[in-house]
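Enquirer: Line order of the protein sequences matches chains A and B.
Heads up: take any position in the first sequence, counting from 1, add 7, and you land on my numbering.
Heads up: take any position in the second sequence, counting from 1, add 7, and you land on my numbering.
Any given hint could turn out to be false.
Stated by the list, open to error - Here are the simulated lysine to aspartate or glutamate pairs, EDC-like style, with alpha carbons at most 16 Å apart: (1) K264(B) - D170(A); (2) K101(A) - D76(A); (3) K12(A) - E78(A); (4) K102(A) - E71(A); (5) K93(A) - D119(A); (6) K159(B) - D170(A); (7) K101(B) - E126(B); (8) K213(A) - E220(B); (9) K159(A) - D170(B); (10) K93(A) - D62(A); (11) K183(A) - D153(A); (12) K27(A) - D170(A); (13) K93(A) - E78(A); (14) K183(B) - E225(B); (15) K183(A) - E220(A); (16) K264(B) - E155(B); (17) K159(A) - D240(B); (18) K264(A) - D208(B); (19) K159(B) - E222(A); (20) K213(A) - D240(A); (21) K213(B) - D240(B); (22) K109(B) - D134(B); (23) K213(B) - E220(A); (24) K146(B) - D208(B).
Hints in this document: simulated from the structure, not taken from any laboratory.
2 protein chains.
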Amino acid sequence: MSENKPVRFGILGCANIARKVSRAIRLSPNATLQAIGSRSIDKASKFASENGFPDSANIYGSYEAVLDDPEVDAVYVPLPTSLHLKWAVLAAEKKKHLLLEKPVALNVSELDKILEACESTGVQYMDATMWMHHPRTAKMKEFLADPERFGKLKSVHSIFSYDAGPDFLKNDIRVKPDLDALGTLGDTGWYCTRAILWAADYELPKTVTALREPEFNEAGVIMSCGASLSWGDGKIATFSCSFLTNLTMDITCGGTKEIHEFTTLSHCFKRMLGNFMQLPSPNSQNLHWGVNQYQASTLS
Amino acid sequence: MSENKPVRFGILGCANIARKVSRAIRLSPNATLQAIGSRSIDKASKFASENGFPDSANIYGSYEAVLDDPEVDAVYVPLPTSLHLKWAVLAAEKKKHLLLEKPVALNVSELDKILEACESTGVQYMDATMWMHHPRTAKMKEFLADPERFGKLKSVHSIFSYDAGPDFLKNDIRVKPDLDALGTLGDTGWYCTRAILWAADYELPKTVTALREPEFNEAGVIMSCGASLSWGDGKIATFSCSFLTNLTMDITCGGTKEIHEFTTLSHCFKRMLGNFMQLPSPNSQNLHWGVNQYQASTLS
Chain A
8 MSENKPVRFG ILGCANIARK VSRAIRLSPN ATLQAIGSRS IDKASKFASE
58 NGFPDSANIY GSYEAVLDDP EVDAVYVPLP TSLHLKWAVL AAEKKKHLLL
108 EKPVALNVSE LDKILEACES TGVQYMDATM WMHHPRTAKM KEFLADPERF
158 GKLKSVHSIF SYDAGPDFLK NDIRVKPDLD ALGTLGDTGW YCTRAILWAA
208 DYELPKTVTA LREPEFNEAG VIMSCGASLS WGDGKIATFS CSFLTNLTMD
258 ITCGGTKEIH EFTTLSHCFK RMLGNFMQLP SPNSQNLHWG VNQYQASTLS
Chain B
8 MSENKPVRFG ILGCANIARK VSRAIRLSPN ATLQAIGSRS IDKASKFASE
58 NGFPDSANIY GSYEAVLDDP EVDAVYVPLP TSLHLKWAVL AAEKKKHLLL
108 EKPVALNVSE LDKILEACES TGVQYMDATM WMHHPRTAKM KEFLADPERF
158 GKLKSVHSIF SYDAGPDFLK NDIRVKPDLD ALGTLGDTGW YCTRAILWAA
208 DYELPKTVTA LREPEFNEAG VIMSCGASLS WGDGKIATFS CSFLTNLTMD
258 ITCGGTKEIH EFTTLSHCFK RMLGNFMQLP SPNSQNLHWG VNQYQASTLS
């Protein structure tokens, strides 16, 4: 691909999260919405019109057709996790670059197969963990990366939970063992583990120990759980994730010289002793608000 | 004792923490400073004059003399933990009510002996965990105790740490196996476990599992550690405590309907979605500040 040409995205399926990502692709200066495929062409067409796809976008009644579209450079795959292995590997084999929704696979073995497929055909793999790509996340990391100010990372605790409610707990794909079988671990624990690895500069822990007494639904899918991680150098981390606890998305990083608490993974406040930031609306859905608030309160 | 007469306190030893507690006794309308005993009478005398003891206070060159003083109703024991069993039992045998500094004993077996001594002689036992007696702590509990608002307690995380610094890590009694042998677990982890039990209405957990890789000093005293607790009803808790991480004293309580984060155990802010409180000086040493801030920001 020429560096001057935008990446032309095809989307597999009409998941809710694809609405947000479609919007992001549409707003991005270096990407375009090229195609959408659903098992129902009517659904695909409706999705395209509701989400600002250009008239030139290709609408398909199957996922395969998106992968076969020569105008598609990269595919975004927001399908249920249990379908990732099949469609991600197929996308790689069709030489489409891959933006794979989280959780990326049901286990490491599946992910390894996806990565092997991408490597063997020379396409790029990226997971769709949005906050990793937020400019504020890089700013947050600057706080932790300064040994003079923060010192050495000693502890991390992360919690990501929400009270999913009865309808979700009965009907959502994230409570179904044949769809998003990882339950809350894949949905919210994903962010906890990512945030912990992010804080630890992606150094893998030596041990990971599940906390006792996770909660399962009747079908055996995880509704709440947690774990502790240790690196063998005095650094430890814990996390908990849940569909049964009120909305929280926090990571607290303890250094030898400072503590930082980052709240809500899409907004943040920086806490140092003597320096709190007031967040008038931490549950705002405006992804840009956190950056503005951050800049207003800390940078200026 | 008549209800109209103040409790006359004797203090065993001149520990730093005894300065704060002496002040509290002096300011309390229902307690007086009656006696102070140290192994050095000069030290006791100096302590009494520096800490506002009345002229009528009795100054002794031994702990025994305080226990033998008929004008002393109750003793406050801020001695190193390894001395608690001996002096607490002796105090009970001398029929002195007992205010025992935390950590109260090196293990449950020692505490049981102390409690047995108090029960057998009919004196009152109380541990000196100050924040338990702060009016704000009761207010904090009101948030958690409202099932309509908070829902059911699902998760608790507590962290209490401070960067003790080289002099402390070399010389303080809290790093010495023959003095405060529990190290950071007794010093700061004490508050974490108390806060967790406080949040859980003192229901004992079914399991307590140490996190891997605590850190020890050369003498084998704990410098940092953590644990997970579970109750068998889907409620879990984790804590970490350390002499090696920057100052933090937090407890985060996750309910089905709300999350509350209480900061610094001597100050607090109440967080609900859309409602942050700004703390201009969370490391202030003024114990009353938290209450004022709390009342100003939440109650009024």
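Enquirer: Please go over all the hints and tell whether each is borne out by the structure.
Expert: Structure-based check of all given hints:
no. : hint              : in the structure
1   : K264(B) - D170(A) : holds (7 Å)
2   : K101(A) - D76(A)  : holds (9 Å)
3   : K12(A) - E78(A)   : holds (12 Å)
4   : K102(A) - E71(A)  : holds (13 Å)
5   : K93(A) - D119(A)  : holds (13 Å)
6   : K159(B) - D170(A) : holds (11 Å)
7   : K101(B) - E126(B) : holds (13 Å)
8   : K213(A) - E220(B) : holds (10 Å)
9   : K159(A) - D170(B) : holds (11 Å)
10  : K93(A) - D62(A)   : violated (30 Å)
11  : K183(A) - D153(A) : violated (43 Å)
12  : K27(A) - D170(A)  : violated (21 Å)
13  : K93(A) - E78(A)   : violated (22 Å)
14  : K183(B) - E225(B) : holds (10 Å)
15  : K183(A) - E220(A) : violated (20 Å)
16  : K264(B) - E155(B) : holds (8 Å)
17  : K159(A) - D240(B) : violated (37 Å)
18  : K264(A) - D208(B) : violated (34 Å)
19  : K159(B) - E222(A) : holds (15 Å)
20  : K213(A) - D240(A) : holds (10 Å)
21  : K213(B) - D240(B) : holds (10 Å)
22  : K109(B) - D134(B) : holds (6 Å)
23  : K213(B) - E220(A) : holds (10 Å)
24  : K146(B) - D208(B) : holds (14 Å)
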